Each structure stands twice: as structure tokens, then as C-alpha cells.
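> Model the placement of chains B and C on the given structure of chain A, informed by the hints.
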Amino acid sequence: MTARIGVVTFPGTLDDRDTQRAVRVAGAEAVPLWHRDKDLKQVDAVVLPGGFSYGDYLRAGAISRFSPVMEPVIEQAKAGMPVLGICNGFQVLTESHLLPGAMLRNNHLHFICRDQKLRVENADTSWTTDYETGQEISVPLKNIDGRYVADERVLDMLEAEGRVAFRYLDGNPNGSLRDIAGITNEAGNVVGLMPHPEHAVEPLVGTGRTDGLGFFTSILKKLVNA
Amino acid sequence: MARVVVDVMLKPEILDPQGQAVQRALPRLGFEGIADVRQGKRFELEVEGPVDDAALSRIQEMAETFLANTVIEDFTVRVDS
Amino acid sequence: MTLDTVKHAAETPDTDQPWAELGLKQDEYARIREILGRRPTGAELAMYSVMWSEHCSYKSSKVHLKQFGEKAPETDALLVGIGENAGVVDVGQGYAVTFKVESHNHPSYIEPYQGAATGVGGIVRDILAMGARPVAVMDPLRFGAADHPDTKRVLPGVVAGIGGYGNCLGLPNIGGEVVFDPCYQGNPLVNALCVGVMKHEDIHLAKASGAGNKVILYGARTGGDGIGGVSVLASETFDSTGPAKRPAVQVGDPFQEKLLIECTLEIFRENLVDGIQDLGGAGLSCATSELASAGSGGMRVELDTVPLRDSSLSPEEILMSESQERMCAIVEPGKVDRFLEICEKWDVIATVIGEVTEGSQLEIFWHGEQIVDVPPRSVAHEGPTYHRPYARPDWQDALQADDAAKLARPANAEELRAQVLRLVASPNQASKAWITDQYDRFVQGNTVLAQPEDSGMVRIDENTGLGVAVATDGNGRYAKLDPYAGAQLALAEAYRNVAASGAKPLAVSDCLNFGSPEDPAVMWQFAEATRGLADACQTLGTPVTGGNVSLYNQTGEVAIHPTPVVAVLGVIDDVTRRTPVAFADEGHLIYLLGDTREELGGSAWSQVVHDHLGGLPPKVDLAREQLLAEILISASRDGMIDAAHDLSDGGLIQALVESCLRGGKGARLVVPDGLDPFVLLFSESAGRAIVAVPRSEELRFTDMCGARGLPATRIGVVDGSDIDVQGQFSVALDELREAHEGTIPGLIA
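Line by line, the protein sequences are chains A, B and C. Counting in our numbering, the first sequence runs from 4 upward without gaps. Counting in our numbering, the second sequence runs from 126 upward without gaps. Counting in our numbering, the third sequence runs from 3 upward without gaps.
One chain only, chain A, in its complex shape:
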């Protein structure tokens, strides 16, 4: 058997088809989910992909967070279902309060698209077991609202509990506090990050590296072995 991984499409989602491809490349079954769906079609995990859902109008992720599909996602995430939020998906997760903090406009105010080096700080989450803690990977970064902020107390808590999952290396691209590129919830099943692992799963396209594939193989192993 293989795992069924849901990929949600909100109006304005862009990376849904790429994420489905990444899921397939890893060997799992990609299940498209629509923002109006009220059930999750028995998927084993959910990815909220990148894009500009609702145009990022009001605040990035603020309108999508109230989509019908988010009710079961939030409920099941709290019950332990693995959820990965990439870029806009991460923003939806913070707006939903599944993850702490918020994303603001980049400190230089520009959209930035580049190959970004990261350090995996926590290789024990549902989505990172195929990496080593401390491993350096390169995946594309592309956003305009990517500056992670939270108050000092939250940041200290995240650090203390090992919940900073990824940190930017070789220069902070957007002013994120403590170079945070991605975080996890306490249980390790909900992970959000700004860079795009789904764009780094094939050697020829995107950055030409496959450093992002580990997200999808990690979750597949976890689900199949469960």
C-alpha cells in the first residue's frame, strides 16, 4: 500500500500541481482537495501548497483560513494528522493558529526568488526524518511576505522546544527573526516553511537539485510504516 496525501487548492493557489507531482515522485498518491470540500477523502496527510490564495488580499492566508476545507484540516491536525504548509500554506497555518507567529512583508519590500540554503534544525518531525539534524539543503525561495515574526517569548519557547525546523543560511533573505525559515508544532506533525521543497525534487528542473524530495519521502515512510 501507499499513502494518500491530500493537496489543497484554494482560489489563487499556484503550486498545487507541482506539489502533487512531488508527492508522486516520492511514490505516494496525490489526492486533490478543493477549498469547498468539507471532508478530506480519507487522506493520511495534507499539504497546503504555495501561491497567492485570494490574491493575498487582506493578509496572506487570512481569507483561505476560513475555507470549508480548513475545518477538518484544523481538527485532524490537532488530532495528529501530518500537515505541511509551504509558503502561502505556512501563512494559512499561522493564520489558523496551528503554528505560532506571523509572516510580514520582506524587510527589503521586494518579491525575492532565489536558490536558498537552509539548515535542517529538527529532523524528527513527520516531514523531516529523511534528513539529518544539521544537514544543509538548497531549495527555492520565492515570496514577498516571508518575514517570520513572533514575540520574544514565543521565539524563546520555539528555540527551547526545538521547534525551529529550518533556518536560513548564507544571509537572511527577508529579515525573519532568528533566521527562521520554518517551524513545527509541539507534536511534530504540523510543519510550515517559506521555501519550496516541491520545486526541488527533479534534477533537471527548478534549481537542478533534489534536496526537497526528503519532505515527501519522510512522510511516505512514516505513513507506510505506521
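Hints were generated in silico from the structure; no laboratory data involved. If you're wondering where the values come from, they're calculated on a predicted model, not measured in any experiment. Mixed in with the good hints, there may be bad ones.
In silico lysine-lysine, DSBU-like type, Cα no more than 35 Å apart, as pairs [stated by the list, open to error]: (1) Lys44(A) <-> Lys347(C); (2) Lys506(C) <-> Lys201(C); (3) Lys154(C) <-> Lys136(B); (4) Lys136(B) <-> Lys27(C).
Taking CB as the label site, the calculated pair distances span [said to hold, decoys possible]: (5) Thr190(B) <-> His369(C): 41 to 47 Å; (6) Glu198(B) <-> Val560(C): 27 to 33 Å; (7) Gln164(B) <-> Ala751(C): 54 to 60 Å; (8) Glu198(B) <-> Ala625(C): 55 to 61 Å; (9) Gly174(A) <-> Glu198(B): 51 to 57 Å; (10) Glu343(C) <-> Asp154(A): 45 to 51 Å; (11) Glu198(B) <-> Asp597(C): 55 to 61 Å.
Just so you know, even glycine gets a beta-carbon here, dropped at the ideal spot from N, CA and C.
The following block gives chains B and C in isolation, referenced to the frame of chain A:
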């Protein structure tokens, strides 16, 4: 220090996609009865010295040339008491 | 105000009408009266005025543009030619590709962000309307001097607008150009290109046929955007003191456009439309008249059913509105319900506004009263044609006689080194990463090559690896010196860029940016450039599939350099064979392909070092371009080269620096016997490329070049962390990188 507020809004005839997206979301969240939403920007200026006509006219000029893009936006200047 | 109905117009022949204010000439107004046999209604006058404007009717340019059809080379690849929203090219395996480049110059000067954003939106809808999924965009841009204060206003706005719109649509931006020249001050050129992919059977055309079929308007509501924008903004020089009635700027909503794309593709998948047209310049006037004109002819529209954002709009304004993110479809009655259902799924407003009729007239009604009754062809296709006078300007001889060969050259190796650094740091030759990093090049997960590669390349089939490559090029300096040769050089460069990436060039789209057609000198430049381009397309076997003309790019008497921008589309059977520009492997041999002559007219060197423009541009040799392309494609397919970079502005040294910086490796160069080091480094002779050949492939590669008669000269080896020109100078990559990458952020950021 006195505060002057500059409100910048898209001109009425200019499309406001952000306001529209918010307006369309409202009924889904159970907020009925809102016919239109337009989103703008508010600038709060802390002014050194007196807010007299000269100061206001400088702020007026600042708003016209810099804070607002008068090709697509209107603005208002008022003293916040 | 009373409604100006058809009946009312017939009864009041002597009513004064504002035809001049709407940009019509007296004889044009007289012709409208002749066509209709009465005076036009206000709504009809609005329609004719926008559709007969330069922008929509190509009235000054079409006598020249017809060469693209007359001289079109024989090819099986062209599935849809000039005249539709965009041409369609067969790329094999059942796939068809459509692409087009278009201008949005004047709006981008007035409001850089929205002007550039809506330029992207417009070209994407053109591609979508052909039945294709848009898969990539590119933006050839030209601005005034890099250090001019207005460039600091226009450039960041344009770049943010392109990024803000394109990124939000999920279209990778894979190439384009950024050029600075004082001639574009006040007249920036913002050209936008889109590529789309479909299966052969999915091609859709803009035609309304089948009486009883419904006309559905879907997408955004109609507001007062850009009313009169087409005729006023695009046809006359923008003057900051007037006109009194300033047209409202169009504002783009990329989120709405993204929904429109997905909604439309789903509608195509279920085969629900007979004909489709996007709404761009001239809005509903254009869409209804073009659909009807290309179909059986008759259409009836109830204009008061159009969903409005501003309920105070008059029928004339609704017809002229350029509100963005709208499409118009012709749908069989039995398919209307499903069509509307899909629109509802995507939160897209859709309204049946009329139907195709048995008749031959386009009839438009406002609350039951008829306000338009016209033969649609007379609006859409039978606009005026001008044979504008043209004459070779009297300054052309003096310009060509002002030979760049007489310019002072570097006196010694030290000066040569200093000029190399100056060149690669000059705004036109410097890295544009600050700009292109604001565009998403990864989205859709199929990008194989993107800027600063020679061409942008995307995979279109995941299983077979089929891909397409596109490059856009233009050199206004060359075209100013010789518009005929300049247009051919633009084509040759784009053709070479596509081949250097390993793809076979198939077809051309062009955006012809010129000054006022009312100036005989400008008109001569235009005539020469179109003739040059048509001739070269014929020779190279790459038909022009469509494009756009932008005139009146001038301030007062001063026109921009004639700037034909040429896009070439190529196909590659297997993207794993693509050739990047990076010299990444030490020990690979560097070969220079082609002949290097002393050609400095219009060169980057003459501009950067001497601020000079004179003489003749490099010689055009299309047979050589073809041979070079064949060699580059064969070498890529057979794995004989690991990198290739075309030589163009900035010459060999520019290409070498780019390839070395991209690969992070240096190079040792030996000046071949009989060549002057300065000429080797800075000449811009066309028909050349540099390639990196693994030693194991050297013999095979040189044998192939020898057998086919292409000069191939070994000029060095990839090695170390400096560029070392033997006996001349050495410069560290780090120093080059700092010079090359620091300029644009320093000027603009």
C-alpha cells in the same frame, strides 16, 4: 507632538481588488449586509512644532507628491486631536 | 440625456458629433457615415473610434506588415497564422504551442506598476483565448539612462508590476531583456511575452457562428477603466499638460485572472465553447465586432445585461471600457448551464449578454432600444489604411559615415583590462539579477532554463521530456544605424540564442516599437525594419506568427531608436539535452565558432567607453546563422558540448565573463594568430558563439565543424579562478563579479 493623519484611498472609479476580495468573503463568515468594501492606507505623521497652515500645506504637498499616487488615488489630510 | 438610438440618429443627421475628440480624422468620420448611410450613434462612434485607432487597426503599419504573410516561408509547423489572437506552432508529439509578444509602453510610463501589470494580464489572456494553458512569460524592457531620476521611478514600478501580476498568476518568468538608453527617456518600452501549450485538437478561434448560440461575458465586472485609453493613450503622444479628459488607468487583479485561467481551461476541457475572445484594448467593442466579423456575421447584444462595477456608466463607456480580466465566449444553448456552473465553481461572474443571429449586422441594444447597427467587418477589419509617406532621413548618411573604427582604442594591456571591467559593469552589460530575482522562475515545476541563460526553456511533457525554448532580442542602436540590418540582427540573435540552448528555432513573434508614423523618417525606419525582418524570416524558414506594433513612442520631435524586438520559439525533443551557458568544468576546451571581423559600429564598447553611436552595425549572414544553429543543436543532441553562449552585444569578453561567473570557474585565453586582442574581445560580429568542449569530444566536435565548413577556433580552456588573457592581463572572478553584479542594485535599489 501633534499628529496629522493622511488617509489614502483608491479613486472611486479605480478597481480595488483587495476590497472586493474582502467583501466577497464576508457572507461566508456570516457577516451580512455589507454592500461594498474599499481598502485604503492610513499614515500617521508626528509633526515637530506647530501644525499651522504652513505645516499643513507642506503635508498636503507631501501627500500629493509622495504618499499618494494621484493618478489612481485620492487623499485627505486632517489633524488628529 | 436622451439615448442616441439608431432611430434617433437617422432622424437627426445634422447633429454635431465629437469625432475629432475621439481621434478620428474628418475623412474617417465621412466614411463611417457612408458605411452606415446615416450619422453614427454615439455608441457606434465610440466603437469605430477605438477600433479605427492606430492601436487596434494598424492603419499606418499594415501595408508593411503584409510582407510577413507574403514572404512567409513554407513550413508545416504553422497551425494558425497571423490574424488570430496569437499564432500556433506544431512542436510535435501532438502538442501545439502559441506565443506572442505585445507592448504596453504608454500606460507603463503613466503608471508603471499597473501599466506593466496589465500588460502581462493582456498577453496572458491572448494566449489563453487560443485554447492554451499559459506556461511562461518573458519581459523585454527598455528604460531611459540608468542614472536618470525618472528611471528610478519607472523601473522599480514596472518590475514590481510584472512580478506582482505574473507571480500571482503562477507563470514562471524565464527571460527577457533590460536595456537602458537615453532615447527611451519618457518613452520606456514595456513589452510582454507569453507562451502557452495545448494539444492540436484544443485550438480555439475568435469567431461567432451558429445562429442561436449564446454570447457569454465572464470575468470581472465592467468599470470605468481606461475609457478611451486605446485611442488616446496608444495613438497620440502623451503630453503632461493635457488632454483635459485624462483616461482612468486600468488596474489589474491578478487573482481574478488566475481564476479566469483555471475556469477557462476547465471550460475548454469539457469542450463547451465554439469561439472565444479575450477583452483587451477597446474592450467589448473589439470583442463583439471581431467575434462577429470572423464568424457568420450577425450578433445581437443586450448591453444593459453587462455586470457593472459602476452603475453610472453610459452605454458608450461600457463599450469602450478596458476593465481587465474579462473574456467573451460563444456557447451552444445546450452547453450554457454547464458553462455557468464551472464559472460559479471558480467564483467567476458569467452573464449571457446576447446571441449569434442569422443576420449580418452587429446589433446592440440598451434597455430594448437599439443603439448599434453596424456591419461588424467594417468595424473590426475594414478600418482605414494609410500609405504614409516615408523617406530615408537626411542624417542617415552622416550617421553611417561616423565610423566607430576611428575611436581611440586601449593603448596597452592595462587599459584593455580596465575597459573590460568597465564594460561588464556598465548598466546594459551588468547582471540583471536584482530585477529577475523579483520574478518567480520556478513555479509550475517545469523550468529547465531561465535568465540569465541564452533562452528560457520549459518542459511541456513530463514523460517524453519535450520542451520549448524562447528568446527575445532587440538592439535599437543597430537598428538606428541601419533599420533593415538591425531588424535582421535582432532576429539572428534570438535565433542563435534558442539554438545555443539546444533547441531548434521554429517561429517568430515581434513587437515593433517606433516613433511617430507621421514623421517620414520614422516611417522609413519602420518600412526598412519590417522588410528586413520579413526577408530574414523567409531565409531562415521561421514564419512570423503574430505580434504587435507600437507607434508614437516619442517626445516632441525626438523619437526612440527604432526598436524591433524579436522573439524566437524553438523546440527541443528532450530537455535533458539542453545546453546551459555556465562554464562549470575545469579542463573543458573553449572554442570560438564563427568569424570575428573588426565590427564596432553600434557596439557596447563604443557606447560605454566613448558614448558613441555611428558607423554600420555588424554584417548579417543568415546562411552562417543557420549553419551555426545546426552545429549547436547537433552538438547538444550528441553530447559534444557542455556549455554554449551566443556572442552579441559586448562581444566575446561579455559572453566569456557571463559563462565563467555562472559556472564559478575561470578561463585561460589565447589570442589566435592574426587577431588583435582588442578586436577579439570587443568586436560584435554576428553569427558567433563560444562553447565548452570536453577533451574527450574535441576531435568529434572539430571534425563536425570542419566537415560542415564552420570556422571553429580553440581559444582557451576553463581553468582556475581568473580570466587570464595570455600576454595581456588577468582579472579575478571575484573582481569581475563585484563589477558585474553591483551596478544595478547601486543605481536602482
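> Does each hint hold? Answer for all of them.
Going through the hints against the structure:
Straight-line distance between C-alpha atoms of Lys44(A) and Lys347(C) comes to about 19 Å, which keeps the hinted pair within the 35 Å bound. Restraint check: the Cα-Cα separation between Lys506(C) and Lys201(C) comes to about 20 Å, which is no more than 35 Å; the hinted pair holds. Proposed proximity of Lys154(C) and Lys136(B) is supported: the alpha carbons are some 25 Å apart, at most 35 Å. With a C-alpha separation of about 33 Å, the suggested pair Lys136(B) and Lys27(C) falls inside the 35 Å cut-off, and the hint holds.
For the pair Thr190(B) and His369(C), the beta carbons lie near 44 Å from each other, so the given range of 41 to 47 Å is met. The given range of 27 to 33 Å is respected by Glu198(B) and Val560(C), whose C-beta atoms sit roughly 31 Å from each other. In this structure the supplied range 54 to 60 Å is violated for Gln164(B) paired with Ala751(C), their Cβ-Cβ distance being about 28 Å. Checked against the hint of 55 to 61 Å, the C-beta distance between Glu198(B) and Ala625(C) comes to roughly 56 Å, which is consistent with it.
Gly174(A) and Glu198(B) have their C-beta atoms about 35 Å apart, which leaves the hinted 51 to 57 Å range violated. A hinted range of 45 to 51 Å holds for the C-beta pair Glu343(C) and Asp154(A), which are about 47 Å apart. At about 57 Å, the beta-carbon gap between Glu198(B) and Asp597(C) stays in the expected band of 55 to 61 Å.
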